[in-house]
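Visitor: Read off the chains here:
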Amino acid sequence: MRPAQEHRLNLGQDALKPSREDRALRVNKFTIGGIGLGMLGLLTAAACGSTSTPSTSSGTLASSQVLHFPVFQDPGTWDPGEMDAEVDTELMQNVFDNLWRFDDKLNIVPDIATAVPTQANGGISADGLTYTIHLNPAAKFSNQDAVTSKDVLYSWNRGADLHGAYSSILSAINGYSAVQKAAGSPPTSGTPTTFQGNIEKQLAANNPAFMMSGLTAPDAETVQVKLSTACGWCLTAWTLEGTVGAIVDEKAINAPGVDPVTWWQTPANLVGTGAYKLSAYVPKQSLQFTAVPNWWGTPKPTVKTINIDIKDPSTVPTTVDAFFQKGYDIIGYGGDSGQIPLANILAVKANSNEKADLLTQPKGRTTWVSFSIGYPTGGPFQGESAAAKGLRLAFDLAVDKNGLATTVCHDLTCTAATGGLITSGLIGNGGPNSDPLAKFDKAKAKSLLAQYDPTGSLTKNLTYSYNAGSPNDQVATYLQNEWQTNLGVHVNLNAVSDASIFISNRLSGKYQMDRDGWQFDYNHPQDWYDNLWGVYASSAGANTSGFDDPTYDTILKQADTEPLSTSLAQYNQLATILQNDVVYIPLYYSVGNFLIQPYVSGAGSNTAFDHYWNEIKILAH
Amino acid sequence: MLTRGTLIYIAQRLALIAFTLVAVSFLVFITVHSLPGSAFESERVHGKALQLLLHEYGLDRPVLVQYWSFLTNAIRGNLGVSFQIRGLPITPLVMRELSVSAELGGTALLITIGLGTTFGVLAALRQNTWVDYTLTSIAVVGYSVPSFVLAGLGVLIFSYWLPTVTNGVISYPAIWTGSYGTLVELSLPAIILGFYTSGQVTRITRAAMLEVLQQDYIRTARAKGLKSRVVTVRHALRNALIPVISILGPLVISIITGSVIIETIFGIPGLGKEFVESITAADYNITVAVFTVYALLIGIANLIVDLLYTVVDPRIRY
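Chains as they are written, first to last, in my numbering: chain Z, 180 to 800; chain R, 57 to 374.
Take the hints with a grain of salt, since some may be wrong.
[Unchecked claim] Here are the computed lysine to aspartate or glutamate pairs in the DMTMM-like style, where the Cα-Cα straight-line distance is at most 25 Å: (1) Z:K689 <-> R:E99; (2) Z:K689 <-> Z:D652; (3) R:K104 <-> Z:D438; (4) Z:K689 <-> R:D116.
Just so you know, the hints here were simulated from the structure itself, not pulled from any lab data.
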């Protein structure tokens with residue numbers, strides 16, 4: 180900004196005024212008009228640049244089979260050994276295959292393997308410790324290399340070595356711990372990339388210390404997996420797409436000149452067995468996938484090209500505008516079904532022309548409040564005393580969960596979590612209103628508070644922590660209001676702007692009570708009970724509440740070894756233990772929202788993931 | 057023709073720019089690495105997995121060792137790798153984004169100078185008339201209303217309101233295509249970014265023109281019978297542009313900083329958007345790289361402006 184003094188000085192000076200007949204001025208008048216018209220023209224041209232025309236769907240295919248949609252996050256890594264972000268696994272499930280895959284109803288069906296192993300078909304030994312897997316001889320990588328049992332061994336060993344977020348999926352295989360120990364102590368000298376580089380080097384040298392002893396290849400088309408203990412959940416976990424169970428091509432990763440860390444960034448190196456392959460990648464901008472010619476699997480892909488724009492989450496509202504300008508075919512794919520703001524969803528639902536494009540799909544994520552039970556930060560909520568449990572229950576019963584879903588989510592982006600910790604629609608969910616912690620009983624809540632904190636001294640200066648953003652801010656305000664209104668207790672809110680700091684603090688038990696949640700990986704109760712409060716969670720520093728109960732651990736250990744038909748009752752026992760102990764306050768189950776153009780057939784989603792791209796067809800419109 | 061004195065001056069300034077780059081990068085590097093938070097840590101990545109990732113990227117080394125590694129690599133043109141997109145080389149990313157920002161900033165600068173000087177000259181020639189009042193009012197709006205407000209309004213009007221009232225017949229494309237967008241997509245952000253800074257140019261030009269138009273040599277030129285247009289353009293405007301050139305440096309800086317907001321709002325994949333995203337994602341190598349590139353740009357822009365003085369005003373010598 181220039182100083183005002185100078186402005187006044189100049190205005191006060193006498194200036195030479197050109198006459199009315201001055202040609203220069205006339206020229207300049209035209210200049211003004213010209214500039215004005217030019218800008219107007221430019222903006223008008225801009226405004227007319229995209230014309231929205233109503234479309235009609237028919238059963239015939241469009242001549243152009245190109246699908247275009249945005250994602251609101253950059254890829255972190257597409258290395259199946261390290262992938263952990265939903266955006267990455269959602270995309271890569273179309274590039275990489277596992278031995279089995281989930282169909283759209285989350286059933287396990289054969290993929291690279293010829294069958295789903297069972298004891299009946301001889302795929303699983305009588306003691307449940309040995310799995311024999313036969314590979315489909317037709318399976319090929321996108322570079323036309325045949326898939327062999329050696330590729331499976333390389334992929335899985337590499338997955339265990341890399342210590343990625345999902346390496347524990349392989350933890351029941353013989354030799355897993357030894358391999359993790361060997362690979363987890365990278366050389367201390369050398370360049371910073373020695374960790375992954377070292378793993379590739381050791382695997383190429385067939386160093387047994389880096390290879391799980393339980394993984395063998397009797398022949399080129401057979402893999403044998405020996406477990407250290409029977410495992411009722413392993414098959415489901417190994418099926419999880421885009422993670423360590425996915426099969427990669429050793430030759431592509433270890434080709435001369437290929438960096439073992441960044442190999443996946445180059446389309447030529449990102450070789451999988453899926454229906455699509457990466458054909459172009461402009462970091463932070465766009466991705467292009469094309470259908471693999473003569474792909475070995477079914478159904479054969481109809482859509483030939485997938486164009487994906489990488490957008491910042493702040494542009495979601497304008498991206499929704501772009502969808503209705505026919506700039507995008509889908510919004511919500513790539514793990515972004517929670518990105519469309521509630522205001523946009525409400526606007527779309529209110530518009531008769533647009534509401535048919537909205538697809539609402541419950542997603543497998545539950546959000547709850549965690550109490551710090553096993554950490555000193557828990558204050559009055561810490562421990563197993565009657566007072567601590569009573570106060571936890573008081574704070575739970577004081578929250579109207581249905582009210583929260585209505586107030587915060589307008590019953591559109593979430594539903595009240597009344598069926599237990601595991602989201603509705605998944606194995607282990609108890610059904611509507613089965614969770615006693617989902618009740619709203621302010622009279623009982625008040626009475627419990629009076630019983631265990633008659634003076635109010637214990638519940639003074641309580642703090643609820645959460646990572647800032649929508650809908651967490653609205654949920655926090657709602658909770659604060661509920662506790663104030665129904666218990667008369669003021670709870671401070673601690674909004675943490677940096678999610679990684681929040682997660683770090685939560686995992687180390689630094690919060691008294693906090694926002695907590697879990698998005699399921701595979702449809703098995705083990706995914707919840709092990710990863711949240713089991714021995715694995717505790718040893719990995721992921722037990723957010725510090726809850727520790729030997730009975731829980733014993734039942735969990737037993738349940739994990741049994742098939743689901745017998746283990747489900749045991750997992751339900753764990754749910755009861757958590758409920759009796761008031762470890763959490765259930766809040767809501769997430770609901771995803773997609774915008775899909777009417778001419779995009781076959782697009783959709785289930786509780787876990789987007790429908791595969793090879794199921795989609797672009798109809799004439 | 058560059059004189060020996062000018063060459064020495066350029067060499068001195070380049071040395072100063074180099075020193076500034078080291079200082080800026082050091083300060084930013086130390087600061088961002090002192091901040092809590094991590095690009096890697098998530099609900100899934102913690103404990104041993106996190107520890108190994110930190111090792112992989114050399115983040116478990118002392119911060120001064122890390123800075124020395126950054127500096128020695130940066131001198132060779134290697135700005136390091138991204139944490140968020142694991143292992144992605146930053147230099148080509150930043151270069152591409154710089155070219156996108158240059159497209160937007162260059163267009164905005166043309167609009168700034170074109171609009172600002174035209175409005176300034178016209179306002180001076182028609183001082184205290186409705187033309188003057190209108191143009192100076194527009195200038196005041198230009199530099200008073202923050203660009204993010206104008207950008208928000210622009211998006212609201214052209215991407216939301218117009219398509220709604222015209223039932224989609226008229227609509228500004230809400231998304232940016234590819235790296236460089238289309239001319240249509242470029243128009244709105246460039247006009248908004250340029251409009252913000254053009255207000256300053258309008259005021260400076262108007263003031264300079266008013267001063268120049270009173271000079272004796274202008275009166276002499278008119279007395280010689282030269283056409284008013286020739287007097288205005290050839291004699292008055294050239295001298296009036298000197299103060300405008302003097303603010304080119306700050307203008308470029310203003311456009312660079314303004315582009316951070318405009319690129320974020322319009323989703324333009326330039327350096328400004330990268331700057332914001334890298335901070336929110338704790339992708340500190342990119343933050344340091346972008347800061348360093350900004351410092352380099354500003355240093356070079358100021359040097360060019362200082363050298364331009366000698367072109368427009370022969371009295372200035374280095």
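Visitor: All hints are to be evaluated individually against the structure, with a verdict given for each.
Guide: Verification of the supplied hints:
Using a Cα cut-off of 25 Å, the hinted pair K689 of chain Z and E99 of chain R holds, with the two alpha carbons roughly 15 Å apart. Taking the CA atoms of K689 of chain Z and D652 of chain Z, the gap is near 20 Å; set against the 25 Å cutoff, the hint holds. At roughly 23 Å between alpha-carbon atoms, K104 of chain R and D438 of chain Z fall within 25 Å of each other, so this suggested pair holds. Of the supplied pair hints, the one linking K689 of chain Z and D116 of chain R holds, its CA atoms being roughly 23 Å apart against a limit of 25 Å.
Going through the hint list in order, the structure satisfies each hint without exception.
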